[in-house]
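Listed in order, the protein sequences are those of chains A and B.
Numbered by my numbering, the letters in the first sequence go through residues 1 to 443 in order.
Numbered by my numbering, the letters in the second sequence go through residues 1001 to 1389 in order.
Fair warning: there could be bad hints in the mix.
What the hints assert, rightly or not - Here are the simulated lysine to aspartate or glutamate pairs, EDC-like style, with alpha carbons at most 20 Å apart:
#, chain 1, residue 1, chain 2, residue 2
1, A, K304, B, D1096
2, A, K219, B, E1252
3, B, K1074, B, E1209
4, B, K1255, A, D164
Source of the hints: derived by calculation from the structure; they are not laboratory data.
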Amino acid sequence: MHTLKKMLATLGELLVVAIGVAAWVLLSWWQALVLAALVVVWMALARGGRRTASVTRVGLSTLPQRLGSSSVVVIGIAGVVAVLVALLSMANGYQHTLQSTGSNDTAIVMRGGSASETMSVLSRAAILTVEEAPGIARDAQGKPLASPELVVAARLPVGGAGSDAMAGASLRGIGPEAWKVRPNVHMVAGRHFKTGMRELIAGVGAARKFGLHVGQSVKLGSQTWQVVGIFKAGNALDSELWADAATVASTYRRASTRNAVIVRLTRPEAFARFKAMLASQPSLAVSVQTTRAYYSQQAKGVTKMLRVVGITVGSIMAIGALFGALNCMFATVASRAREIATLRAIGFRGVPVVVAVMLETLLLALLGGVLGGLIAWLVFNGYTASTIAGGASGLGQLSFQLRVSGELFWNGLKWALAIGFVGGLFPAVRAARLPVTTALRQS
Amino acid sequence: MKYFHLIWAALMRHKTRTALTLVSIMAAFLLFGLLNGVRVSFNDAGKSVAGAKRLQTSSRLSIMQTLPQALDQKIARVPGVARVAWANWFGGAYRDAHNQVFTFAVGPGYLDLYPEEKADSKALATFAKTRMGLLVGEKLAVKYHWKVGQKIHLMSTIYPRNNGNKNWPFVIVGIMHPAKGKTGSGMLEMSALMHWKYFDESNPYNNGEVGWYVSEVANPHDAMRVAKAIDALSANSDHETRTQTEQAVVAEKIKQVADIGLIVGAIMGAVFFTLLLLTGNTMAQAVRERTGELAVLKVLGFSNRGVLGIVLGESVLLVVVGGVIGLGLVALISSAAGAASGGSFNLPPVTAGSWGLGLALMLAIGLVVGALPAIRAMRLNMVDALAGR
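Based on the provided sequences and hints, a complete structural model is requested.
As structure tokens, this is what we get:
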């Protein structure tokens, strides 16, 4: 009978934990705020609440005596949150960099079924047809704002003189239309390349990665090219090198074919008509996407992988920290056994004791979460990392900055509080169940 | 060792605490096992003996740029080259563009360059005379439930056929297995090989060009010289080449993906710092509680060093037990994940090196964590401790 009761109680606790954590995961920050406000109101107004508040105050006032073990809870949880937020900020930064490269009022036309620009080939005839499609914005002279572009995965030396190491970089061959299609790109040093010359300009990310500066020469295969300028776009294009399309085509033996056409639409709503028009010509066989959709698609694989890694590592660390917190809170409850028993003896019921212990743990967890989030933000926000972009197809380096956003910070806090919730519940229940007489007799 | 029962009794004194601490340590070493496995498998990729003998020659302009097929004969004549074959990247996918299947269009003798991977002679004979034949790696065949003789279509994300259709018909003629006593080639296990001739003649874009050459050098120590000689063949042409050992190619690729060592190192640092604090706190607690008992031990005649040893032994035992369970779990998970997914999803196994490094870490952490409480126990003044002061 007794063991059955005990088993049922344990089952009940586990159920509470499962429900609590599940509800917690779904909570948004304002719902959490409302919840916190409700608890405060209850503690200020209801009788049980006021008792809870006084028990909590007693508990918190003894906290400085338990500084060692309490700081273990804080630091343990801070570690989890810092690692989690740092890893997720990588996914965030990668996704943001690629997504912000695209927009809804520019579209990319590639050969049908191509997974990325580098895999697509468009003939001269196809490009001319695309340029005449309706929905494309036109400049003052009435020329369509359509930019046929070549993209090749160029191999560039890295690591300075004497080193044989090379890395891939996207080399984009463009015409004058490219600048009109992407008005946000501007030069930060040097000048534009000249048509027909072996000159190139480098994005700020590529310049940093490959150590390029204006006036430097770069070997592409057997040819020597001059770096004549540095440009900045504030997105994934910063990791590219740009040069004259015809010159790139002759170096990479592409004749008159191009990889893709980027067009500026008159307005975002024009996309549907533009796409339908091109789709109605079966001989063309092209795929049409807004650049926003295209770059989001490119970001998907790596972002997902980084998220999975972050959450896996975070979960395992969370288990470690959870058991550490349980340990410390059990020890806390044990060291305060007499104090808690006294409270119970003078008439305090179980609920205030449970809530007080839980509040204390949650407070420590919150502290840990904020600390961990701050560490991740201070160390990693804006940190520049680079990786291969576009999976197996892109084969160029993409520089991106880690981004610790508010949402990520909140996610980290949620994890911290979840650990605090579970880590506090079991010790709290033990405290409330402590047999008063034995606990009072304890030395 | 004769005091083992004392150490054991100390650990069992507070079972909940010991169990909770064990789980924390276990989680830390579980993470260590997984991350170190990833680090090691990245470091060791391409480091096989065969990998040191194989050279890859690709265009210096871009790894996607093709090379003339005529280079084949020239490379074969370079002194020190035992044999040479070529391949093209086909960019295959099965049913959906997202189900990527690594497909290579290979010239004659390509598979001979990979002695760690074999197909039986009957399959090779069928492959040789079947234009649309496809040799598939064992793991790939398991993943898509492919059988020998089955007709399938692979979609190329790069090359449409002459009629504009992107779906290429194939017949599976054989399965590639790891050679006896070898671990096989991780790449070929997940790849499909098709005929280069079929590839080249059926699409309008390739025009007899070759993606890259793979050559075998007779003597691995000669690799650098042979690589230079191969690159010299096309120096100052419009198709300059870059030749590296397979090992170097893999190392360069990994470097471009990310600095795995740095990331793993940073995470492990955070994990072990946290672990040190958690376990250190537990040990300090345990020793504080037992002050009286330790004093009794001293009264009974245990030397200072004996007491030090007992407390250190306790913390080391705790960390080692937790750590071994954690690493053991990784070994279990990685073999179970491989078996459950039919080999299509692989976690790196726990190598002997990982175990060694792990055990060294466990001992070090155990000693560091136990040091302070142990020194305190050693310096214990018997009279004060017994009087409860």
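(message) Let me make sure I understand: some of the numbered hints might not hold for this structure. Which ones are they, in numerical order?
(response) Violated: none.
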